[in-house]
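Student: Below are the chains, spelled out letter by letter.
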Amino acid sequence: MRVLMVEDDATLANDVASALRPRGIEVDVAETVADGVVKAAAASYDVLVLDRMLPDGEGLDVLIELRRLEVLTPALALSALAETAHKVEGLERGVDDYLGKPFALSELEARLRAVHRRANAQPHPEVLVIGDLEVWLKSETAARGGQPLRLTSNEFKLLRLLAEHVDDVVTRAMILERVLGYRPGFDPGSTVVDVNVSRLRKKLDQPFEAKMLETLPRTGYVLRRPTI
Amino acid sequence: MCSADPRSEPRRSAFTRLAVVLSLIIGGFILSSATALYVVASRALEAEARALVAQESRRLERFKAPVDVLDQVLRARRAPDRPLLYAFVTPEGACPDVAMARNDMRICPVGNLPATPELLAATAGWIAFDYPSGAALIPALGRITVLPSGERLLVARSLAAVRDASERLLVLAVAGGAVGFVLAVIVAATASRLLLRRLQAINRFCDDVGHGDQGELGRRLPIRVPPDEFDSLNTHLNAMLDRIAQLMANARQFADVTAHELKTPLARLRLRLERAQAAAPSAEAADALADALVEIDLSNHLVRTFLEISRQAASDRRGFTTVDLAAVATDTAQLYEPLVDTADAELVVDAGPATVIGEASLLGQVVANLLDNASRHAPPGSAVRLATGRSAAGVFLTVEDRGPGIPPADRERAFEPFVAGVASTTGGHGLGLAFVRAVVDRHGFTVRLEDAEPGLRVVIQAPIPEATG
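From first to last, the protein sequence lines stand for chains A and B.
Mapped onto the numbering used here, the consecutive letters of the first sequence carry residue numbers 1 to 228.
Mapped onto the numbering used here, the consecutive letters of the second sequence carry residue numbers 229 to 697.
In short, the hints are calculated from the structure, not lab data.
Cβ atoms here follow ideal geometry from the backbone N, Cα and C, with glycine treated the same way.
Hints should not be assumed to be uniformly reliable.
As the list claims (entries may be wrong) - On the chain A side, residues computed to face chain B include the following (Cβ under 10 Å):
| # | residue |
| --- | --- |
| 1 | T11 |
| 2 | I64 |
| 3 | L66 |
| 4 | L69 |
| 5 | V88 |
| 6 | P226 |
Stated by the list, open to error - Take a look, some chain B residues computed to stay more than 10 Å from chain A by CB distance:
| # | residue |
| --- | --- |
| 7 | D299 |
| 8 | G405 |
| 9 | V410 |
| 10 | H488 |
| 11 | P566 |
| 12 | A615 |
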């Protein structure tokens, strides 16, 4: 995956670049809005990472400029301005996700992959099939090994999120944002996510031999495609 | 600065009171002026009567002989321009001998006044009395002269004219007072309505700005040329609004700069620590670095919550929409039900219809904060209750647990940041209720803590939205 990071803090940008390279994400850096627009338009990146308070202006303007040039690269805002109001503003101005500084590398990585995956996802699949698990999106039902899983609406939303990002990390923050449907910025602590995931795990994994839902300590969860 | 709630219309009006007082003063002034006129006029008429009587008495006194007096009285009675009253009698009230001697019974009694008992009882000098005329008694003022031969002569003037004039003046005074009062009421009421209309316009404006529904903080009151007292008031209010808007903008800018300056190095630090952790030479070192990361995340969370709280205070109600509070509560409850369950408690939701004007995500965070607190304090086997609905007082949302509660003395302080209350002792970061208060204040709602006997009940009260109320 190729990422363009528009970030005036060179130290931070280089640290991110060197930390993500071993994980298969190539990061180029632009330090200004103008530079960002030129680079993003010239090469095809998978995802843009936009800082907001840049020396020559607002990082979100990169996106406006690119959309004018019909460059539709998905974008993730990465900013110190991380209150609910900022995030709402960012999403309204077209970024696909919003992450506040400071951030965990794993969180950034998970979100980059999620943004990339969403941008390339099949528009409206009816069913997600992962091994013996079927997730029916329209009817909001799921079955494993032919047996229907009795899920609450929250549990279904959670399973759907995990299934859409199969084999990728879904962080606690992502779960809160996507499952509860609240705008990002909602941060009630992680326990509430953990108990909800463990509820789902009881129904999804407990009765079955092969366990699909894996916990990554301090990071989040992964739904693994069973190896045959 | 201004009434924040349009329903807090004053029950008493200063203008109405002023109008009533002014009307009373004006009415009273007219009444008392007319009364004074009445007193002065009746005294003048009385003085005139007294002067006439005195003059006639003195003239008649010069005739010492009863027969001369009799002649004078009889002559005076015939003169049409002498509208005086006379009585000439013996001390017993009978017809004097000189009259009897005339052998003309038509002249008895002498004069045109009957010999009343007051007249006979009085000695020489002034006398006020009533005499019968037809069925009525008419007041009169007179002077009695006692002749050397013992006969009494009374010269008097009827005060009927005085009385009539006085009565007319009195009627005039009362009527004038009443008309004046009514006129004053009309004028004062009109004036106060005009003043009230301008004041109400200012109050409405203040309400709008206070609610800040559509970024009303940018609005200003009109100033007319030439300015009157209200325009002067508007000028002052506008200046105050300028200042408030400036302060709020400063607060927002300060928060943004703080966030940027504080979080950028924090982000760099966190990244370095993560890389160090990945390359840690030993498990101990990795653990220590992991702890450091947790600390950074914790302080970041505190900074963010703090900034979020200060932003609430520095923001108006732009972007607020109609929010189904019952749905927000139900959604959040679904997420927290497993958490309450792990505390061996039960989450009971009673989501009655409740619509408010606000921001759903913020209200969701409020409900989450309250449920988070409640789940921490709920004893095993107890119930955590979440309810929404509508009462006469407005829309409400309550969260109730059966935990230790908060003593009455600490309830108000519990909303202050970092107060060592219930939250901080059991793992909350001490900003939960401060955040709740900040969001509630921005929405124009109220929040209070109550004794759930036992336990804590948090009550949030919101006005019923105008469109649906």
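Student: If a hint holds in the structure, say so; if it does not, say that too.
Tutor: Against the structure, the hints:
Taking 10 Å as the C-beta cut-off, the interface hint given for T11/A holds, the closest approach to chain B being about 6 Å. Nearest Cβ of chain B to the Cβ of I64/A: about 20 Å, over the 10 Å cut. The hint is violated. The beta carbon of L66/A comes no nearer than 24 Å to any beta carbon in chain B, farther than 10 Å, and the hint placing it at the interface is violated. With its C-beta approaching chain B no nearer than about 28 Å, L69/A sits outside the 10 Å limit, and its interface hint is violated.
Interface hint status for V88/A: upheld, as the beta-carbon distance to the closest one in chain B is roughly 8 Å, under 10 Å. The beta carbon of P226/A comes no nearer than 26 Å to any beta carbon in chain B, farther than 10 Å, and the hint placing it at the interface is violated. Separation of D299/B from chain A is adequate, the least Cβ-Cβ distance of about 118 Å exceeding the 10 Å criterion. Once the 10 Å rule is applied to beta carbons, G405/B is consistent with being away from chain A; the minimum gap is 66 Å.
Interface exclusion of V410/B from chain A stands, the closest Cβ pair being 60 Å apart, more than 10 Å. Interface exclusion of H488/B from chain A breaks down, the closest Cβ pair being 4 Å apart, not more than 10 Å. A Cβ of chain A approaches the Cβ of P566/B within 10 Å, the least distance being about 4 Å, so the stated non-interface status is violated. Non-interface call for A615/B relative to chain A: holds, since the shortest CB-CB distance, roughly 20 Å, exceeds 10 Å.
Against the hints set out earlier in the document, violations occur for numbers 2, 3, 4, 6, 10 and 11.
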